[in-house]
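*Asks:* The primary structure of each chain is shown beneath.
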Amino acid sequence: MIKIKKDKLLIDQHDKNGFWGKFGGNFIPETLKKPVEDLTILFEKLRKDKKFIKERDYYFQNWVGAPTPFVKLENLTDHLGGAQIWTKIVSEAKGGAHKIYNATVHCLIAKRAGKKYIVGDTGAGYAGKMLSMAAKKFGLKCKIFMGAKDIKRQKPNCDAIRANGAEIIPVYTGSQTLVDAVSECMRYWVSNCLTTAMCVGSTVGPNIFVKICGWSTSQISRELMLQIKEEFGEVPKKLKLINCVGGGSSSFGFWNEFMHYNKKQVEFIGVEAGGPKKSKRHAAPLTYGSKIGILHGAAQYVNQNRDGQIEETESISAGLDYPGVSPLHCFLKDTNRARYTAASDEEALNAYQLVTGFENLNPSLEPSHAFAEAIKIAPKLSRDIIICVNSCGDAIKDRDILKQRLGKYK
Amino acid sequence: MISSQISLAFKKCKKEKRPALLTYTVAGDNTKKKSLEILNSISNHADICEIGFPHNTPIADGGQIQTSSYRAIKNGIKMQHVFEIVKMFKKNKNQKPVILMGYFNMIFQYGENKFLKKCKNVGVDGLIVVDLPWPDNKTFSKKCKKFSITFVQLLSPTTSISRMKKIVRDSHDMMYFISTLSTTGGKLKALPKEILKNYNKIKKIDKSKNLVIGFGITSKNISAFKTADGCVVGSEICNKISLSLKKKQNPVINVSNMVKKLKKKII
Ligand SMILES: Cc1ncc(COP(=O)(O)O)c(C=O)c1O
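Chain order of the listed sequences is L and D. Under this note's numbering, the first residue of the first sequence is numbered 1, with each subsequent residue one higher. Under this note's numbering, the first residue of the second sequence is numbered 1001, with each subsequent residue one higher.
For reference, chain L alone in the conformation it holds in the complex:
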């Protein structure tokens, strides 16, 4: 059985073919071999370059806004009467979600590569919004690929993308959601790879995209580690880090710095989208034991039929509505480092109501899935146990869905 090594970052624990155990790799058309190799060489160089790191930190600090707050949810904790519930409000980062870290880094790399254009995929619209923001900041022209269904249900983010001067390319194939947007974006890159950089919106895609994204979002746990040590003096004896998992970028970034702690001390809990209560079209490949397959250039657990056709998913949360999941999380599941579970649409909505009822916090539907799990387990746990939920997105984008489902927004 494959184990996590202690002396290396998880993103670097792949073999020479790009596999973390059975997961990952580079299942790409020949045309993309060269651009992927160029990007790999450049990224490996830049991450060792002190000037580049300084530049990244400068923008994270002064533009994105670091650190994002780490606070205790006193009322929710008292109401549930069990473990302490804390949250890191990552949605306070510029633009309202963690997607800003990956977007910023990709734009910085694209500048170094001399590219003038950048393209990206988006589901909830946050990856697109952040890429359009960073592209504008760094003087790159930007196109965002987005499923037609998501364009309808995440209008506030679409407005923001357009206001930043980026073009939204609607994708009408398949389920018209994130999975189709990523495919279309990759196809666009095949045709335009000489002039255009591509940003994959999560820790998915060919090996190097998983690495760049995981490296970028790790900023979240770098901040959290300091905040936790400041608050408690040390890493608590029992800490549970709960995060929603779509592609897996926020969760990976939330956990990375704590990777080598014993899981009895720091437990990782990933919450996937279970979809509507009675639906079989969940977006939770890790929770429901989907088979390993290849999607968007990487081997991973993915919802598919016997033939290998990727299956459509259904979730109230556009950001989690994806049939596959990061190879890093497949690896964390198989090595038993993280535990994965799912919350249904209804559970996420209930969690949203409870959290917003008790606290001055407005988590989007994605982190509401994570809160659902916290709410479920907290009452059974003692007060000395610390639960921390990554509140990685702001619910403004979900205004229309929340109004429709709950009759009101806030």
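I should point out that these hints are in silico values taken from the structure, not numbers from a laboratory. Errors might be hidden in some of the hints.
Stated by the list, open to error - Listed below are the simulated BS3-like cross-link pairs for lysine-lysine, each with C-alpha atoms no more than 30 Å apart in a straight line: (1) D:LYS1187 / L:LYS141; (2) D:LYS1074 / L:LYS278; (3) L:LYS72 / L:LYS263; (4) D:LYS1189 / L:LYS111; (5) L:LYS137 / L:LYS115; (6) L:LYS34 / D:LYS1187; (7) D:LYS1120 / D:LYS1209; (8) D:LYS1143 / L:LYS291; (9) D:LYS1087 / L:LYS22; (10) D:LYS1203 / D:LYS1189; (11) L:LYS333 / D:LYS1114; (12) D:LYS1138 / L:LYS3; (13) D:LYS1014 / L:LYS22; (14) D:LYS1146 / L:LYS291; (15) D:LYS1118 / L:LYS22; (16) L:LYS34 / D:LYS1203; (17) D:LYS1138 / L:LYS16; (18) D:LYS1143 / L:LYS34; (19) D:LYS1142 / D:LYS1011; (20) L:LYS111 / D:LYS1187; (21) D:LYS1087 / D:LYS1014; (22) D:LYS1078 / L:LYS280; (23) L:LYS291 / D:LYS1032; (24) L:LYS34 / D:LYS1087; (25) L:LYS115 / D:LYS1114.
On the provided structure of chain L, position chain D with the ligand as indicated by the hints.
*Replies:* Using the frame of chain L, we list chain D with the ligand on its own:
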């Protein structure tokens, strides 16, 4: 060693001093029966038939081929039907070498060995796997060889010379040059002369290996590629099927006429 059907097809074309004509259609487009009829009728003119096994998240196909693939999947086409189509096509007296083309997940789910055994049984001559580039395909292409199936390596305008050499060295009796930086069905972004210059770079590495050109080849430009070992036409054919269905015409007749015309342009 006995020559493969694929090699024999190229030999025959060389004797006739013309490139081989390769067609690409999607198995099951728009039904299992119709796609077999299309194959049977175009094999009067084509030299090698590429048959796509459709996948619903293709990362290198343009609009026309995607449309064909989604149509086939929607009509219920499964891997098992793809093999049935090949098997029946191979019973036709006019049968031509068959190259299956698709994405690796379908092979992975079937099981590599089981897939190759099945290919052999139904008479598949070659395989193109779009998302299994060199060197990641080394093990699989060796397996293909064991089953006497040609694994067709792809080369693209972004492939460096040093990489080209290694790919050519590891390739079997046929290779595929992607004409232009594009998904299938895109417009040619360079003049045929430029494309042929790149083509000849690869050809020079090993003249004994058959090298075909594909992506963006249509009846409008195919005659410019007469010096190649072979030309692949895919999207234009898939589009013809789409148009025929839209106009409620018989795609079999329309496609067959189109392929006949394509052939005329390269003799
Ligand atoms: C706010 C928010 N959270 C979570 C996700 C899920 O993605 P990931 O698992 O990569 O964090 C998204 C994706 O769009 C998102 O917008």
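*Asks:* Within 30 Å, alpha carbon to alpha carbon, are LYS333 of chain L and LYS1114 of chain D?
*Replies:* 29 Å, holds
*Asks:* Would you mind confirming whether the straight-line C-alpha gap from LYS137 of chain L to LYS115 of chain L stays at or under 30 Å?
*Replies:* 14 Å, holds
*Asks:* Keeping to a limit of 30 Å between CA atoms, is the pair of LYS1203 of chain D and LYS1189 of chain D held or broken?
*Replies:* 21 Å, holds
*Asks:* Could you grab the alpha-carbon distance between LYS1143 of chain D and LYS291 of chain L and see if it respects the 30 Å cut-off?
*Replies:* 24 Å, holds
*Asks:* Please work out if LYS1187 of chain D and LYS141 of chain L have their alpha carbons no farther apart than 30 Å.
*Replies:* 23 Å, holds
*Asks:* Could you grab the alpha-carbon distance between LYS34 of chain L and LYS1087 of chain D and see if it respects the 30 Å cut-off?
*Replies:* Distance of about 38 Å is beyond 30 Å: violated.
*Asks:* For the pair supplied as a hint, LYS1146 of chain D and LYS291 of chain L, is the alpha-carbon distance within the 30 Å limit?
*Replies:* 28 Å, holds
*Asks:* LYS1189 of chain D and LYS111 of chain L: Cα distance at most 30 Å?
*Replies:* OK: LYS1189 of chain D and LYS111 of chain L at ~25 Å, within 30 Å.
*Asks:* Verify the proposed pairing of LYS1120 of chain D with LYS1209 of chain D, using a straight-line Cα cut of 30 Å.
*Replies:* OK: LYS1120 of chain D and LYS1209 of chain D at ~22 Å, within 30 Å.
*Asks:* Between the alpha carbons of LYS1078 of chain D and LYS280 of chain L, is the straight-line distance 30 Å or under?
*Replies:* 21 Å, holds
*Asks:* Compare the distance between the alpha carbons of LYS72 of chain L and LYS263 of chain L with 30 Å, and conclude whether the hinted pair is satisfied.
*Replies:* The given pair, whose Cα atoms are some 22 Å apart, holds under the 30 Å limit.
*Asks:* Straight-line Cα separation of LYS1143 of chain D and LYS34 of chain L no greater than 30 Å?
*Replies:* Roughly 26 Å separates the two Cα atoms, so the pair holds.
When each numbered hint is compared with the structure, violations occur for hints 9, 13, 24 and 25.
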